[in-house]
Amino acid sequence: MDYNDELNSRLKELRDRQDTYDIIDPAEPFLELDWSQDNRPYFRKLIEHKIVTKKQVEAATAKARQRDRLMRALGQAPNSPREYAALYAEHLGAKISYKGAITVAGHDSFTILDLARGARLTAGELDITYPRDAINDAVEDHYQMSRDAALEGVRKRVGDRRSFDWIALAKGCFSPDSGSPEFVAAVLKKFVWQVQRKLHNLPVSYPLMSVITGEQGAGKSWFVNALTRPLADVVVSSDFAALADDRNIDLWRSYVIILDEMAKAAKADVETIKHVITADYLERRPMRTNSTVTIRQCATFIATTNLSVSEIILDPTGIRRFCELRWVQPPRGFLDQFDFAAAWGSVQASDEDPMAAYMDELAVRQAEMRNRSPVENWLLTIEEEDLQNLWEASEDGFLATKTLFANYLTHRAMVNGGSETIADRRNLNSFSQELGRLVRSDDQWLKRHRTSSANGYVLTRQPTPALAMVSK
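Residues in the sequence shown are numbered consecutively from 1, following our numbering.
Don't read these hints as lab results, they were simulated from the structure. These numbers come from a predicted model, not from an experiment. By construction, the Cβ of each residue, glycine as well, lies at the ideal position given by its N, Cα and C atoms. The reader is advised that the hints may include incorrect statements.
[To be verified] Lysine-lysine pairs mimicking BS3-like chemistry, simulated, CA-CA at most 30 Å apart:
1. K95 to K171
2. K171 to K50
3. K99 to K171
4. K54 to K12
5. K54 to K189
6. K189 to K156
7. K12 to K55
8. K189 to K171
9. K63 to K50
10. K95 to K45
11. K55 to K45
12. K95 to K50
13. K45 to K63
14. K63 to K12
15. K156 to K99
16. K99 to K45
[Unchecked claim] The calculated label-pair distances, taken between Cβ atoms and stated as ranges, are:
17. H91 to E152: 16 to 24 Å
18. N290 to T403: 53 to 61 Å
19. D245 to H200: 38 to 46 Å
20. D22 to E152: 22 to 30 Å
21. S175 to G100: 33 to 41 Å
22. S163 to G100: 50 to 58 Å
23. S180 to S452: 50 to 58 Å
24. D160 to G333: 25 to 33 Å
25. L202 to S175: 30 to 38 Å
26. G100 to K63: 35 to 43 Å
Kindly produce the complete structure, drawing on both the sequences and the hints.
Laid out in C-alpha coordinates, this is it:
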(Lines of atoms letter the chains of each structure in order from A and count residues from 1; the text may use other names and numbers.)
(Lines give C-alpha, C1' and ligand atoms only; values in the text may rest on other atoms or scores of the structure.)
Protein backbone atom coordinates (compact mmCIF):
# COMPACT_ATOMS: atom_id res chain seq x y z
CA MET A 1 0.00 0.00 0.00
CA ASP A 2 1.48 3.34 -1.04
CA TYR A 3 1.23 6.53 0.99
CA ASN A 4 -1.86 7.90 -0.83
CA ASP A 5 -3.69 4.60 -0.33
CA GLU A 6 -2.87 4.85 3.40
CA LEU A 7 -4.34 8.36 3.51
CA ASN A 8 -7.51 7.25 1.71
CA SER A 9 -7.89 4.35 4.14
CA ARG A 10 -7.47 6.68 7.10
CA LEU A 11 -10.00 9.13 5.62
CA LYS A 12 -12.57 6.35 5.19
CA GLU A 13 -12.09 5.28 8.82
CA LEU A 14 -12.55 8.85 10.03
CA ARG A 15 -15.74 9.29 7.95
CA ASP A 16 -17.17 6.02 9.27
CA ARG A 17 -16.58 7.19 12.84
CA GLN A 18 -18.11 10.54 11.96
CA ASP A 19 -21.25 8.84 10.69
CA THR A 20 -21.61 7.06 14.04
CA TYR A 21 -21.19 10.38 15.87
CA ASP A 22 -17.91 9.23 17.40
CA ILE A 23 -15.92 12.14 18.88
CA ILE A 24 -12.72 12.70 16.91
CA ASP A 25 -9.81 14.49 18.52
CA PRO A 26 -8.83 17.41 16.21
CA ALA A 27 -5.18 16.30 16.38
CA GLU A 28 -5.88 12.70 15.38
CA PRO A 29 -6.13 13.20 11.56
CA PHE A 30 -2.62 14.66 11.58
CA LEU A 31 -0.89 11.91 13.55
CA GLU A 32 1.95 9.99 11.87
CA LEU A 33 1.73 11.95 8.64
CA ASP A 34 4.74 12.09 6.36
CA TRP A 35 5.13 15.85 6.10
CA SER A 36 7.67 15.49 3.32
CA GLN A 37 4.81 14.24 1.07
CA ASP A 38 2.06 16.33 -0.57
CA ASN A 39 -0.78 16.06 1.94
CA ARG A 40 -2.95 18.81 0.42
CA PRO A 41 -5.51 16.49 -1.29
CA TYR A 42 -5.98 14.70 2.03
CA PHE A 43 -6.43 18.01 3.86
CA ARG A 44 -9.02 19.25 1.32
CA LYS A 45 -11.12 16.12 1.85
CA LEU A 46 -10.85 16.49 5.65
CA ILE A 47 -12.17 20.05 5.34
CA GLU A 48 -14.82 19.05 2.77
CA HIS A 49 -16.24 16.41 5.09
CA LYS A 50 -15.96 18.77 8.07
CA ILE A 51 -13.71 16.44 9.99
CA VAL A 52 -11.37 19.39 10.65
CA THR A 53 -11.41 23.08 9.83
CA LYS A 54 -9.13 25.01 7.53
CA LYS A 55 -7.72 26.78 10.60
CA GLN A 56 -6.86 23.44 12.21
CA VAL A 57 -5.09 22.32 9.04
CA GLU A 58 -3.07 25.53 8.98
CA ALA A 59 -2.15 25.13 12.66
CA ALA A 60 -1.12 21.49 12.18
CA THR A 61 0.94 22.39 9.12
CA ALA A 62 2.72 25.19 10.98
CA LYS A 63 3.41 22.87 13.90
CA ALA A 64 4.81 20.23 11.56
CA ARG A 65 7.05 22.74 9.85
CA GLN A 66 8.30 23.91 13.25
CA ARG A 67 8.94 20.33 14.30
CA ASP A 68 10.87 19.69 11.09
CA ARG A 69 12.89 22.85 11.72
CA LEU A 70 13.75 21.70 15.24
CA MET A 71 14.69 18.25 13.97
CA ARG A 72 17.13 19.77 11.51
CA ALA A 73 18.57 22.18 14.09
CA LEU A 74 18.70 19.94 17.18
CA GLY A 75 18.21 16.40 15.89
CA GLN A 76 14.97 16.09 17.85
CA ALA A 77 12.01 18.24 18.77
CA PRO A 78 12.07 18.90 22.53
CA ASN A 79 8.95 18.33 24.58
CA SER A 80 10.08 20.26 27.66
CA PRO A 81 12.64 22.89 28.75
CA ARG A 82 14.78 20.07 30.22
CA GLU A 83 14.85 18.22 26.91
CA TYR A 84 15.65 21.44 25.07
CA ALA A 85 18.59 22.28 27.37
CA ALA A 86 20.05 18.79 26.92
CA LEU A 87 19.58 18.89 23.14
CA TYR A 88 21.11 22.35 22.87
CA ALA A 89 24.18 21.34 24.91
CA GLU A 90 24.59 18.18 22.81
CA HIS A 91 24.21 20.15 19.56
CA LEU A 92 26.82 22.60 20.81
CA GLY A 93 29.18 19.76 21.73
CA ALA A 94 29.52 21.05 25.30
CA LYS A 95 31.52 18.75 27.59
CA ILE A 96 30.94 19.34 31.31
CA SER A 97 33.39 18.00 33.89
CA TYR A 98 32.65 17.14 37.52
CA LYS A 99 34.41 20.32 38.56
CA GLY A 100 31.97 22.23 36.37
CA ALA A 101 34.39 23.23 33.62
CA ILE A 102 32.65 23.50 30.23
CA THR A 103 34.60 22.76 27.07
CA VAL A 104 33.23 23.85 23.68
CA ALA A 105 35.22 23.58 20.46
CA GLY A 106 36.30 26.97 19.18
CA HIS A 107 35.97 28.67 22.57
CA ASP A 108 38.91 29.35 24.88
CA SER A 109 36.55 29.95 27.78
CA PHE A 110 32.95 28.88 28.27
CA THR A 111 30.82 29.14 31.41
CA ILE A 112 27.32 28.17 32.45
CA LEU A 113 26.31 31.79 31.83
CA ASP A 114 27.45 31.42 28.23
CA LEU A 115 25.55 28.13 27.96
CA ALA A 116 22.33 29.67 29.28
CA ARG A 117 22.66 32.76 27.09
CA GLY A 118 23.24 30.64 23.98
CA ALA A 119 20.24 28.47 24.84
CA ARG A 120 18.00 31.53 25.15
CA LEU A 121 19.22 33.06 21.89
CA THR A 122 18.82 29.79 19.98
CA ALA A 123 15.33 29.34 21.44
CA GLY A 124 14.40 32.73 20.04
CA GLU A 125 15.82 31.89 16.62
CA LEU A 126 13.89 28.60 16.54
CA ASP A 127 10.65 30.15 17.83
CA ILE A 128 10.77 28.03 20.97
CA THR A 129 8.47 29.78 23.41
CA TYR A 130 9.68 28.44 26.75
CA PRO A 131 9.95 31.27 29.33
CA ARG A 132 13.39 32.73 30.01
CA ASP A 133 13.46 31.46 33.62
CA ALA A 134 12.41 27.98 32.51
CA ILE A 135 15.34 27.84 30.07
CA ASN A 136 17.77 29.12 32.72
CA ASP A 137 16.56 26.55 35.24
CA ALA A 138 16.75 23.77 32.65
CA VAL A 139 20.33 24.70 31.72
CA GLU A 140 21.31 24.69 35.41
CA ASP A 141 19.64 21.30 35.85
CA HIS A 142 21.48 19.87 32.82
CA TYR A 143 24.73 21.33 34.13
CA GLN A 144 24.36 19.61 37.52
CA MET A 145 23.24 16.31 35.99
CA SER A 146 26.25 16.35 33.66
CA ARG A 147 28.56 16.89 36.62
CA ASP A 148 27.02 13.92 38.41
CA ALA A 149 27.46 11.80 35.27
CA ALA A 150 31.13 12.79 35.15
CA LEU A 151 31.51 11.57 38.74
CA GLU A 152 30.25 8.16 37.70
CA GLY A 153 33.05 8.12 35.14
CA VAL A 154 35.57 8.72 37.93
CA ARG A 155 34.12 5.83 39.94
CA LYS A 156 34.52 3.52 36.96
CA ARG A 157 38.14 4.55 36.41
CA VAL A 158 39.12 3.53 39.94
CA GLY A 159 36.77 0.57 40.20
CA ASP A 160 39.00 -2.14 38.73
CA ARG A 161 41.45 -3.86 41.08
CA ARG A 162 45.08 -3.17 40.16
CA SER A 163 48.44 -3.77 41.84
CA PHE A 164 50.75 -1.06 43.17
CA ASP A 165 53.99 -1.31 45.16
CA TRP A 166 53.27 0.96 48.13
CA ILE A 167 56.21 -0.48 50.09
CA ALA A 168 58.71 0.47 47.39
CA LEU A 169 57.26 3.98 47.32
CA ALA A 170 57.50 4.25 51.11
CA LYS A 171 61.09 3.01 51.19
CA GLY A 172 62.26 5.29 48.41
CA CYS A 173 60.51 8.55 49.30
CA PHE A 174 59.95 8.75 53.05
CA SER A 175 62.32 9.06 55.99
CA PRO A 176 62.56 6.21 58.54
CA ASP A 177 61.49 8.89 61.04
CA SER A 178 58.01 8.53 59.53
CA GLY A 179 57.76 4.93 60.71
CA SER A 180 58.26 1.56 59.09
CA PRO A 181 57.68 1.26 55.32
CA GLU A 182 54.59 -0.80 56.13
CA PHE A 183 53.24 1.97 58.36
CA VAL A 184 53.93 4.68 55.75
CA ALA A 185 52.30 2.55 53.07
CA ALA A 186 49.25 2.08 55.30
CA VAL A 187 48.92 5.85 55.83
CA LEU A 188 49.06 6.52 52.08
CA LYS A 189 46.61 3.71 51.37
CA LYS A 190 44.33 5.12 54.06
CA PHE A 191 44.20 8.39 52.10
CA VAL A 192 43.18 6.52 48.94
CA TRP A 193 40.72 4.36 50.88
CA GLN A 194 38.99 7.40 52.37
CA VAL A 195 38.54 8.93 48.92
CA GLN A 196 37.21 5.65 47.54
CA ARG A 197 34.75 5.31 50.42
CA LYS A 198 33.43 8.83 49.95
CA LEU A 199 33.19 8.37 46.19
CA HIS A 200 30.78 5.53 46.92
CA ASN A 201 28.98 7.42 49.70
CA LEU A 202 30.22 5.02 52.37
CA PRO A 203 31.20 5.94 55.95
CA VAL A 204 34.87 6.45 56.85
CA SER A 205 36.22 5.08 60.12
CA TYR A 206 38.75 7.25 61.96
CA PRO A 207 39.21 10.02 59.35
CA LEU A 208 42.87 10.93 58.96
CA MET A 209 44.69 13.74 57.18
CA SER A 210 48.11 12.95 55.73
CA VAL A 211 50.61 15.79 56.07
CA ILE A 212 53.70 15.45 53.86
CA THR A 213 56.57 17.39 55.44
CA GLY A 214 60.11 18.02 54.27
CA GLU A 215 62.55 20.51 52.86
CA GLN A 216 61.47 23.05 50.29
CA GLY A 217 62.13 22.02 46.71
CA ALA A 218 62.43 18.31 47.52
CA GLY A 219 59.36 17.33 45.50
CA LYS A 220 56.57 17.06 48.11
CA SER A 221 54.04 19.00 46.06
CA TRP A 222 55.06 17.21 42.87
CA PHE A 223 54.40 13.87 44.52
CA VAL A 224 50.98 14.87 45.85
CA ASN A 225 49.97 16.24 42.45
CA ALA A 226 51.20 13.08 40.71
CA LEU A 227 49.36 10.86 43.19
CA THR A 228 46.06 12.71 42.76
CA ARG A 229 46.30 13.45 39.01
CA PRO A 230 44.35 10.31 37.98
CA LEU A 231 41.38 11.82 39.85
CA ALA A 232 42.00 15.37 38.61
CA ASP A 233 38.31 16.04 38.00
CA VAL A 234 37.49 15.62 41.70
CA VAL A 235 40.68 17.22 43.08
CA VAL A 236 41.10 20.87 44.03
CA SER A 237 43.88 22.88 45.65
CA SER A 238 42.63 25.25 48.31
CA ASP A 239 43.63 27.29 51.33
CA PHE A 240 42.38 27.85 54.85
CA ALA A 241 40.48 31.02 53.97
CA ALA A 242 38.31 29.05 51.54
CA LEU A 243 37.71 26.28 54.09
CA ALA A 244 36.54 28.77 56.70
CA ASP A 245 34.26 30.70 54.31
CA ASP A 246 30.76 29.44 55.06
CA ARG A 247 29.54 30.84 51.73
CA ASN A 248 31.79 28.44 49.86
CA ILE A 249 29.54 25.54 48.93
CA ASP A 250 30.91 24.12 45.69
CA LEU A 251 34.31 23.42 47.28
CA TRP A 252 32.83 20.60 49.33
CA ARG A 253 31.77 18.68 46.21
CA SER A 254 35.49 17.96 45.69
CA TYR A 255 36.65 14.54 46.86
CA VAL A 256 40.28 15.56 47.41
CA ILE A 257 41.39 18.93 48.78
CA ILE A 258 45.12 19.63 48.63
CA LEU A 259 46.41 22.15 51.16
CA ASP A 260 49.78 23.40 49.98
CA GLU A 261 51.93 25.49 52.32
CA MET A 262 50.05 24.38 55.42
CA ALA A 263 52.67 26.26 57.46
CA LYS A 264 50.65 29.43 56.90
CA ALA A 265 47.83 28.09 59.06
CA ALA A 266 46.72 30.11 62.08
CA LYS A 267 45.19 28.58 65.20
CA ALA A 268 41.66 29.31 63.96
CA ASP A 269 42.51 27.61 60.66
CA VAL A 270 43.62 24.47 62.48
CA GLU A 271 40.37 24.35 64.44
CA THR A 272 38.47 24.64 61.17
CA ILE A 273 40.37 21.83 59.50
CA LYS A 274 40.01 19.57 62.56
CA HIS A 275 36.25 20.02 62.32
CA VAL A 276 35.83 19.46 58.60
CA ILE A 277 38.09 16.39 58.50
CA THR A 278 35.57 14.43 60.56
CA ALA A 279 32.34 16.14 59.49
CA ASP A 280 29.94 14.25 57.22
CA TYR A 281 27.81 17.34 56.68
CA LEU A 282 28.40 21.09 56.96
CA GLU A 283 26.15 24.06 57.51
CA ARG A 284 26.78 26.70 54.86
CA ARG A 285 25.17 30.00 53.88
CA PRO A 286 24.50 30.53 50.15
CA MET A 287 25.61 33.82 48.64
CA ARG A 288 23.23 36.76 49.07
CA THR A 289 21.13 34.94 51.68
CA ASN A 290 20.92 34.83 55.45
CA SER A 291 19.65 31.26 55.56
CA THR A 292 21.79 28.15 55.92
CA VAL A 293 21.77 24.90 54.01
CA THR A 294 23.15 21.50 54.95
CA ILE A 295 25.62 20.10 52.43
CA ARG A 296 27.55 16.86 52.23
CA GLN A 297 31.27 17.10 53.04
CA CYS A 298 32.81 14.92 50.32
CA ALA A 299 36.46 15.85 50.74
CA THR A 300 39.48 13.96 52.00
CA PHE A 301 42.46 16.19 52.81
CA ILE A 302 46.16 15.90 52.10
CA ALA A 303 48.69 18.64 52.84
CA THR A 304 52.30 19.60 52.29
CA THR A 305 54.46 21.82 54.47
CA ASN A 306 58.09 22.61 55.19
CA LEU A 307 57.45 22.55 58.95
CA SER A 308 56.73 19.62 61.22
CA VAL A 309 53.16 19.05 62.35
CA SER A 310 54.06 19.97 65.94
CA GLU A 311 55.06 23.44 64.75
CA ILE A 312 51.69 23.95 63.07
CA ILE A 313 49.14 22.11 65.19
CA LEU A 314 49.46 23.89 68.53
CA ASP A 315 47.18 21.49 70.32
CA PRO A 316 48.63 19.94 73.48
CA THR A 317 45.76 17.46 73.80
CA GLY A 318 46.94 15.60 70.71
CA ILE A 319 46.60 15.53 66.95
CA ARG A 320 44.47 12.46 66.38
CA ARG A 321 43.25 13.68 63.00
CA PHE A 322 46.72 14.18 61.49
CA CYS A 323 49.62 11.94 60.51
CA GLU A 324 52.98 13.34 59.47
CA LEU A 325 55.07 11.62 56.81
CA ARG A 326 58.51 13.10 56.25
CA TRP A 327 59.44 13.26 52.58
CA VAL A 328 63.00 12.75 51.36
CA GLN A 329 63.92 13.57 47.80
CA PRO A 330 64.26 10.29 45.87
CA PRO A 331 66.93 9.66 43.24
CA ARG A 332 66.27 11.21 39.85
CA GLY A 333 63.86 9.07 37.86
CA PHE A 334 62.83 6.93 40.85
CA LEU A 335 59.17 7.94 40.67
CA ASP A 336 58.95 7.19 36.95
CA GLN A 337 58.41 3.51 37.76
CA PHE A 338 55.10 4.17 39.52
CA ASP A 339 51.73 4.20 37.76
CA PHE A 340 49.66 6.31 40.11
CA ALA A 341 46.47 5.43 38.28
CA ALA A 342 47.11 1.87 39.48
CA ALA A 343 47.49 3.20 43.03
CA TRP A 344 43.83 4.17 43.00
CA GLY A 345 42.79 0.73 41.82
CA SER A 346 44.93 -1.05 44.41
CA VAL A 347 42.67 0.11 47.24
CA GLN A 348 38.93 -0.42 46.90
CA ALA A 349 36.05 1.04 48.88
CA SER A 350 35.06 -2.44 50.07
CA ASP A 351 38.52 -3.12 51.55
CA GLU A 352 39.24 -3.12 55.27
CA ASP A 353 40.61 0.15 56.66
CA PRO A 354 44.34 0.02 55.75
CA MET A 355 45.22 1.53 59.15
CA ALA A 356 43.26 -1.00 61.19
CA ALA A 357 46.40 -2.98 62.06
CA TYR A 358 48.44 0.15 62.81
CA MET A 359 46.22 2.12 65.20
CA ASP A 360 48.54 1.59 68.18
CA GLU A 361 51.57 2.67 66.18
CA LEU A 362 49.62 5.65 64.87
CA ALA A 363 48.78 6.73 68.42
CA VAL A 364 52.47 6.57 69.37
CA ARG A 365 53.48 8.49 66.25
CA GLN A 366 50.87 11.16 66.92
CA ALA A 367 52.02 11.51 70.52
CA GLU A 368 55.56 12.05 69.27
CA MET A 369 54.43 14.56 66.66
CA ARG A 370 52.18 16.68 68.79
CA ASN A 371 53.06 20.06 70.21
CA ARG A 372 53.82 19.86 73.94
CA SER A 373 52.63 22.50 76.36
CA PRO A 374 55.15 24.43 78.52
CA VAL A 375 54.02 22.40 81.55
CA GLU A 376 54.70 19.10 79.79
CA ASN A 377 58.09 20.34 78.59
CA TRP A 378 58.93 21.18 82.21
CA LEU A 379 57.94 17.67 83.30
CA LEU A 380 59.94 16.07 80.52
CA THR A 381 63.12 18.10 80.95
CA ILE A 382 63.39 18.58 84.73
CA GLU A 383 66.99 18.36 85.95
CA GLU A 384 68.16 16.12 88.80
CA GLU A 385 69.19 19.24 90.70
CA ASP A 386 65.66 20.65 90.45
CA LEU A 387 64.24 17.33 91.51
CA GLN A 388 66.52 17.33 94.54
CA ASN A 389 65.43 20.88 95.41
CA LEU A 390 61.80 19.81 95.24
CA TRP A 391 62.49 16.90 97.57
CA GLU A 392 64.10 19.27 100.05
CA ALA A 393 61.12 21.64 99.84
CA SER A 394 58.60 18.85 100.40
CA GLU A 395 57.04 17.65 103.60
CA ASP A 396 57.67 13.92 103.68
CA GLY A 397 57.55 13.94 99.88
CA PHE A 398 54.34 15.97 99.68
CA LEU A 399 54.33 19.16 97.59
CA ALA A 400 51.67 21.83 97.26
CA THR A 401 50.78 22.88 93.72
CA LYS A 402 52.16 26.39 94.23
CA THR A 403 55.56 24.96 95.22
CA LEU A 404 55.69 23.07 91.95
CA PHE A 405 54.50 26.22 90.18
CA ALA A 406 57.44 28.17 91.58
CA ASN A 407 59.86 25.58 90.18
CA TYR A 408 57.99 25.69 86.88
CA LEU A 409 58.40 29.49 86.74
CA THR A 410 62.14 29.12 87.27
CA HIS A 411 62.24 26.66 84.38
CA ARG A 412 60.22 29.03 82.18
CA ALA A 413 62.56 31.89 83.02
CA MET A 414 65.49 29.82 81.78
CA VAL A 415 63.60 28.90 78.60
CA ASN A 416 62.75 32.55 77.98
CA GLY A 417 66.27 33.81 78.44
CA GLY A 418 66.33 34.69 82.12
CA SER A 419 62.86 36.03 82.91
CA GLU A 420 59.45 34.45 83.17
CA THR A 421 56.66 35.98 81.12
CA ILE A 422 53.66 37.84 82.53
CA ALA A 423 51.48 35.09 81.06
CA ASP A 424 53.40 32.46 83.05
CA ARG A 425 52.93 34.39 86.32
CA ARG A 426 49.19 34.69 85.81
CA ASN A 427 48.62 31.03 84.99
CA LEU A 428 48.63 29.19 88.33
CA ASN A 429 45.13 27.86 87.69
CA SER A 430 46.01 26.82 84.15
CA PHE A 431 49.21 25.21 85.45
CA SER A 432 47.24 23.24 88.03
CA GLN A 433 44.72 22.02 85.45
CA GLU A 434 47.38 21.07 82.91
CA LEU A 435 49.53 19.33 85.53
CA GLY A 436 46.53 17.36 86.74
CA ARG A 437 45.77 16.28 83.19
CA LEU A 438 49.33 15.15 82.52
CA VAL A 439 50.10 13.36 85.78
CA ARG A 440 47.81 10.38 85.43
CA SER A 441 50.16 7.56 84.54
CA ASP A 442 51.54 5.13 87.14
CA ASP A 443 55.08 5.40 85.77
CA GLN A 444 55.76 9.09 86.31
CA TRP A 445 58.05 10.87 88.74
CA LEU A 446 55.19 12.97 90.07
CA LYS A 447 51.85 11.69 91.33
CA ARG A 448 48.71 13.34 92.59
CA HIS A 449 48.12 12.94 96.31
CA ARG A 450 45.44 14.01 98.75
CA THR A 451 45.90 14.39 102.51
CA SER A 452 43.30 15.11 105.12
CA SER A 453 44.14 18.80 104.93
CA ALA A 454 45.30 19.49 101.37
CA ASN A 455 45.53 18.35 97.77
CA GLY A 456 48.90 18.22 96.08
CA TYR A 457 51.53 15.89 94.67
CA VAL A 458 54.06 13.32 95.84
CA LEU A 459 57.49 12.91 94.25
CA THR A 460 58.70 9.45 93.36
CA ARG A 461 62.35 8.40 93.09
CA GLN A 462 62.56 8.06 89.32
CA PRO A 463 66.27 8.60 88.50
CA THR A 464 65.63 9.65 84.89
CA PRO A 465 62.43 11.70 84.92
CA ALA A 466 62.71 12.69 81.28
CA LEU A 467 62.22 9.05 80.32
CA ALA A 468 59.45 8.41 82.80
CA MET A 469 56.94 10.73 81.22
CA VAL A 470 54.51 9.01 78.88
CA SER A 471 52.27 11.40 76.99
CA LYS A 472 48.57 10.92 76.94
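Status of the hints after comparison with the structure:
1. K95 to K171: violated (41 Å)
2. K171 to K50: Outside the cut-off at roughly 90 Å; violated.
3. K99 to K171: violated (34 Å)
4. K54 to K12: holds (19 Å)
5. K54 to K189: Cα-Cα ~74 Å, so violated.
6. K189 to K156: Status holds; Cα separation ~19 Å.
7. K12 to K55: holds (22 Å)
8. K189 to K171: Cα-Cα ~15 Å, so holds.
9. K63 to K50: The given pair, whose Cα atoms are some 21 Å apart, holds under the 30 Å limit.
10. K95 to K45: It is violated: about 50 Å lies between the C-alpha atoms, which goes past 30 Å.
11. K55 to K45: Judged against 30 Å, a Cα distance of about 14 Å means the pair holds.
12. K95 to K50: Violated - the C-alpha atoms of K50 and K95 are around 51 Å apart, more than 30 Å.
13. K45 to K63: Holds. K45 to K63 sits at ~20 Å (cutoff 30 Å).
14. K63 to K12: With a Cα-Cα distance of about 25 Å, the restraint between K63 and K12 holds, given a limit of 30 Å.
15. K156 to K99: Distance of about 17 Å is within 30 Å: holds.
16. K99 to K45: Cα-Cα ~59 Å, so violated.
17. H91 to E152: 16 to 24 Å: holds (23 Å)
18. N290 to T403: 53 to 61 Å: holds (55 Å)
19. D245 to H200: 38 to 46 Å: violated (28 Å)
20. D22 to E152: 22 to 30 Å: violated (50 Å)
21. S175 to G100: 33 to 41 Å: At 39 Å between Cβs, range holds.
22. S163 to G100: 50 to 58 Å: violated (34 Å)
23. S180 to S452: 50 to 58 Å: holds (51 Å)
24. D160 to G333: 25 to 33 Å: Given a distance of about 28 Å, which is inside 25 to 33 Å, the answer is holds.
25. L202 to S175: 30 to 38 Å: holds (33 Å)
26. G100 to K63: 35 to 43 Å: 37 Å Cβ-Cβ, so the 35 to 43 Å window holds.
In terms of the numbered hints stated before, the structure departs from hints 1, 2, 3, 5, 10, 12, 16, 19, 20, 22, listed from lowest to highest.
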